[in-house]
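Kindly generate the complete structure, drawing on both the sequences and the hints.
Residue numbers (this note's numbering), protein chains in the order written: chain A, 1 to 244; chain B, 245 to 553; chain C, 554 to 783.
None of these hints come from the bench; they were simulated from the model. Treat each hint with caution, since some may be false.
[Said to hold, decoys possible] Computed spacing ranges between beta-carbons, pair by pair:
hint: 1; chain 1: A; residue 1: Lys-57; chain 2: B; residue 2: Lys-475; range: 27 to 37 angstroms
hint: 2; chain 1: A; residue 1: Gly-86; chain 2: B; residue 2: Gly-532; range: 53 to 63 angstroms
hint: 3; chain 1: B; residue 1: Ser-434; chain 2: A; residue 2: Pro-14; range: 35 to 45 angstroms
hint: 4; chain 1: B; residue 1: Thr-504; chain 2: A; residue 2: Ala-68; range: 29 to 39 angstroms
hint: 5; chain 1: A; residue 1: Asp-121; chain 2: C; residue 2: Arg-597; range: 31 to 41 angstroms
hint: 6; chain 1: C; residue 1: Trp-565; chain 2: A; residue 2: Thr-119; range: 53 to 63 angstroms
hint: 7; chain 1: B; residue 1: Pro-372; chain 2: A; residue 2: Ile-43; range: 53 to 63 angstroms
[To be verified] Cut-off 20 angstroms, straight-line C-alpha distance, at most; resulting in silico cross-link-like pairs (EDC-like, lysine to aspartate or glutamate):
hint: 8; chain 1: B; residue 1: Lys-486; chain 2: B; residue 2: Glu-384
hint: 9; chain 1: B; residue 1: Lys-475; chain 2: B; residue 2: Asp-521
hint: 10; chain 1: B; residue 1: Lys-386; chain 2: B; residue 2: Asp-528
hint: 11; chain 1: B; residue 1: Lys-502; chain 2: B; residue 2: Asp-484
hint: 12; chain 1: B; residue 1: Lys-529; chain 2: B; residue 2: Glu-548
hint: 13; chain 1: B; residue 1: Lys-483; chain 2: B; residue 2: Asp-406
hint: 14; chain 1: C; residue 1: Lys-629; chain 2: B; residue 2: Asp-334
hint: 15; chain 1: B; residue 1: Lys-543; chain 2: C; residue 2: Glu-559
hint: 16; chain 1: B; residue 1: Lys-483; chain 2: B; residue 2: Glu-548
hint: 17; chain 1: B; residue 1: Lys-529; chain 2: C; residue 2: Glu-559
hint: 18; chain 1: A; residue 1: Lys-57; chain 2: A; residue 2: Asp-121
hint: 19; chain 1: B; residue 1: Lys-393; chain 2: B; residue 2: Glu-326
hint: 20; chain 1: C; residue 1: Lys-629; chain 2: B; residue 2: Glu-326
hint: 21; chain 1: B; residue 1: Lys-330; chain 2: A; residue 2: Asp-6
hint: 22; chain 1: B; residue 1: Lys-393; chain 2: B; residue 2: Asp-484
[Claimed, not checked] Sample of chain C residues at the chain A side, in silico, Cβ under 10 angstroms:
hint: 23; residue: Asn-560
hint: 24; residue: Gln-563
hint: 25; residue: Gly-608
hint: 26; residue: Gly-717
hint: 27; residue: Phe-719
hint: 28; residue: Pro-729
hint: 29; residue: Gly-735
hint: 30; residue: Ile-740
hint: 31; residue: Ile-742
hint: 32; residue: Ala-743
hint: 33; residue: Val-744
None of these values were measured; they are calculated from a predicted model. Beta carbons: idealized from backbone N, C-alpha and C, even for Gly.
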Amino acid sequence: MNGWSDAFNWLLDPTNWSGPGGIPARTEEHLVYTLVTLVVACIIALPIGLAVGHTGKGRGVAVQFSGALRALPTLGVLLLLATWLGLGFGPPLVAMVLLALPPLIAGAYAGVEAVDRQTIDAARSIGMTGWQVLFKVELPLALPIIIGGVRSACLQVIATWTVAAYLPLGGLGRYIYDGYAVQNYAEMLGGSIVVIILALVADGVFAIVQRLVVPRGVVLGRASDVRVRQSRSLVGTSGSTTAG
Amino acid sequence: MALKSRIISAAAAAALGALALAGCSSGNPLDSSTTSSANSGGAIVVGSANFPESEIIAQIYTQALASNGVKTSIKPNIGAREAYLKALQDGSIDLVPEYSGSLLQYYDAKTTAQSSTDVYAALSDALPKGYQVLNQSKAEDKDSYNVTKAFSEKYNVTSLSDLKSVSIPLTVGANPEFADRPYGIPGLKSAYGVTATLDPISDSGGPLTVKALQDGTVQLADIYTTSSAIKDNGFVTLKDPKNIIIAENVLPVINSKKVTDKVKSVLNAVSGALTTDDLVSMNDKASGSAKESAAQIAKEWLSEKNLFQ
Amino acid sequence: MNWLIENAGQIWQLTLIHAGLSVPPIIVGLVLSVPIGWLANRYRASRGTVLAIVGILYAVPSLPLFLVLPSIIGTKVLDPANVVISLSIYAVAIMVRTASDAFAAVDVDVLLAATAVGFSTWRRFWSVELPLAGPVLLSGIRVVSVSTISLVSVGSVIGVPSLGYFFLRGFQVGFPLEIGVGIVGTIVIAVVFDLILAGLGRVLMPWTHRRSRRTRVAIRDETPELVEAA
Chain A
1 MNGWSDAFNW LLDPTNWSGP GGIPARTEEH LVYTLVTLVV ACIIALPIGL AVGHTGKGRG
61 VAVQFSGALR ALPTLGVLLL LATWLGLGFG PPLVAMVLLA LPPLIAGAYA GVEAVDRQTI
121 DAARSIGMTG WQVLFKVELP LALPIIIGGV RSACLQVIAT WTVAAYLPLG GLGRYIYDGY
181 AVQNYAEMLG GSIVVIILAL VADGVFAIVQ RLVVPRGVVL GRASDVRVRQ SRSLVGTSGS
241 TTAG
Chain B
245 MALKSRIISA AAAAALGALA LAGCSSGNPL DSSTTSSANS GGAIVVGSAN FPESEIIAQI
305 YTQALASNGV KTSIKPNIGA REAYLKALQD GSIDLVPEYS GSLLQYYDAK TTAQSSTDVY
365 AALSDALPKG YQVLNQSKAE DKDSYNVTKA FSEKYNVTSL SDLKSVSIPL TVGANPEFAD
425 RPYGIPGLKS AYGVTATLDP ISDSGGPLTV KALQDGTVQL ADIYTTSSAI KDNGFVTLKD
485 PKNIIIAENV LPVINSKKVT DKVKSVLNAV SGALTTDDLV SMNDKASGSA KESAAQIAKE
545 WLSEKNLFQ
Chain C
554 MNWLIENAGQ IWQLTLIHAG LSVPPIIVGL VLSVPIGWLA NRYRASRGTV LAIVGILYAV
614 PSLPLFLVLP SIIGTKVLDP ANVVISLSIY AVAIMVRTAS DAFAAVDVDV LLAATAVGFS
674 TWRRFWSVEL PLAGPVLLSG IRVVSVSTIS LVSVGSVIGV PSLGYFFLRG FQVGFPLEIG
734 VGIVGTIVIA VVFDLILAGL GRVLMPWTHR RSRRTRVAIR DETPELVEAA
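Quick look at the structure:
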């Protein structure tokens, strides 16, 4: 058995590119699942993270909470929720959101914390209110690190939705479980290749966004200082967990 | 340099810890790390499919052999047929409980055998060299198509051949492999001319499949005939006049290298005692309120049948 | 409660197996990533390539990797090595990036000073770079530990037993308690491993506890990593 060439044949077979079980449809499902997860997770995580970063309060709790969430085995949470709540999109969505929260929260508070104290003091001294400082100074400056957190969460979510297809869901994980059930290695491998490509493309998109959101003044100001700060710009992509 | 020596001693401690953990985990019934290498002449590794009944029967085989002095270990919940038969053929496992009809269709998709005797007779030719089945039991557990009572009355459906006249789209709740099975989606199409889509619920006709049938997520559900869920929920099991679902007697399939007179007599004694009613009551213990472990259920059955040495 | 008592033996055994499967990837992740990360950092040209490769490895979903390994390295389909090797690959993928960042964060002035007082590259690595990169490496390996322990359970889908066995069986028989036992067991292992790693960190790097007396060199740049690792 030549698994890899079978997988490429599977990928090139036009019948796998049409219909509700086809690669475009499955990829779209996977993307929609991922986006919905990220949006819901951001709505929950970013206010928490920004509040922690802005006020400096509750950091210990946030760290503990994120750490506890990271230790949750996603497969177990998924099947527990499905056993409790039944089938449908809800249980896996909750499990995936739980998975996405830690990097998002960490990205948000680390981003705000990394903003130079002097800059904030300057903003306050010209009369900005707390909200203005948050939205006009801290948030723009923190954005690259926040996006880094989203990027890291996105990779995990893409990978882990494939595991979630243990439940009757669409998405690219279907190929992996259905292929495993009947030991169709071509389908399994082909489906995996699509997942990998999707993850790499998403990662690339976020890498570009991360660069674009750096405020122009910061780019200029950083030039002299770039070596020392280098590791900061990588935050959020490093030290993140795989989960798929 | 102090750091270096600290690192070395810490690494040594970690390695020792790992060894200790590995040591602790050997010799237990679920361990898989220590058994797979000793495959020729060593312990018999019993595998099971991804549903509770298969694991219970695998436990029965394991415990019966062990009490007769045969070295065994068990690897439960491997996956669907294709996965565990692959494990059998690459030597990861040596013995697995099977269902005669599905096993025959796996190796001979075009078989015309339907009755227990015909299927069993055809099996010995169909199995690959080096593997054999021992005596089959009277116990049978088939896949079956089930609908709710309300659906059956509304559309006047009691048989798979009635489905053709149902006007709404049909979805079947079953494991993913159902998409490829001769008695699954393809059989429904070729024998009855019915087009149905699969909702792949990987609980082998378990609680979620039942729930999906009840709440109308699926119109048809593949539930194994030894599950009490059919009776408890008043589901209607559809007749199968074209016999796409053939005889499914429980029997052991085994690597011939592992067959000794003792192994043969122990497993044949188990098959001789196992009945369909036993399967129903054992499934009840697993999925009912008791949620007993497979090992416990197997133990109870073996002592009830006086099969422990 | 009865169920817990009747199945205590199996719960304990699977917990040990689960822990045993988690140890090798964590060790491999640390041992391989330190030299790779150091080299990637030392020879800047290779850094992009190395990070791109680990980026791709990181994007491979775990389940298919478990499944294809037998056809690549010739293991048997149910061999726990398939899970251990896959998770080791992820561990390296996460840790190489962390290690590379950790070494990059070591102040060049400090390295030059070490060279100036006559340290060889080898000695400078052991006495200066590694200790200064240590806190970041530790935070990285703690992340690897948690993620490895969580992912081991996915192996149960392909018949490699671990606490994940309880997830699948609990799901098949509709028994939330059994799934819960698997989840709690996984968290307990993660917490125990984290305490062990933190303890090793204290033993190996006692100075990290006298933070206030240190210069900013080692501390400033580790902060974001620690945050991320939290």
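Quiz item: Keeping to a limit of 20 angstroms between CA atoms, is the pair of B:Lys-475 and B:Asp-521 held or broken?
Solution: Between B:Lys-475 and B:Asp-521 the Cα gap is close to 13 angstroms, so the pair holds against 20 angstroms.
Quiz item: Hey, does the C:Gln-563 contact hint survive, CB to chain A under 10 angstroms?
Solution: 16 angstroms, violated
Practice problem: For the pair supplied as a hint, B:Lys-529 and B:Glu-548, confirm whether the alpha-carbon distance does not exceed 20 angstroms. | Solution: The given pair, whose Cα atoms are some 15 angstroms apart, holds under the 20 angstroms limit.
Quiz item: Holds or violated: is there a CB of chain A closer than 10 angstroms to the CB of C:Ile-740?
Solution: 5 angstroms, holds
Quiz item: Holds or violated: is there a CB of chain A closer than 10 angstroms to the CB of C:Ala-743?
Solution: Result: holds, 4 angstroms to nearest chain A Cβ.
Self-check item: Hint consistency between B:Lys-543 and C:Glu-559 [alpha-carbon to alpha-carbon, up to 20 angstroms]
Solution: With Cα atoms ~13 angstroms apart, B:Lys-543 and C:Glu-559 stay inside 20 angstroms; holds.
Quiz prompt | Distance restraint evaluation - A:Lys-57, B:Lys-475, Cβ atoms, bounds 27 to 37 angstroms | solution = 59 angstroms, violated
Exercise. Using 10 angstroms as the Cβ threshold, decide whether C:Pro-729 counts as touching chain A.
Key: Holds, about 5 angstroms.
Self-check item: Outcome of range test on Cβ distance (C:Trp-565, A:Thr-119; 53 to 63 angstroms)
Solution: This hint holds: roughly 54 angstroms between Cβ atoms.
Quiz item: Close enough to count: is the Cβ of C:Ile-742 nearer than 10 angstroms to one in chain A?
Solution: Holds. Min distance 9 angstroms.
Self-check item: C:Asn-560 as chain A interface residue, shortest Cβ-Cβ below 10 angstroms
Solution: Nearest chain A Cβ about 16 angstroms off; hint violated.
Self-check item: Given pair status - A:Asp-121, A:Lys-57, alpha carbons within 20 angstroms
Solution: With Cα atoms ~18 angstroms apart, A:Lys-57 and A:Asp-121 stay inside 20 angstroms; holds.
Comparing the model with each earlier hint shows violations of hints 1, 2, 3, 4, 11, 16, 19, 23, 24; every other hint is respected.
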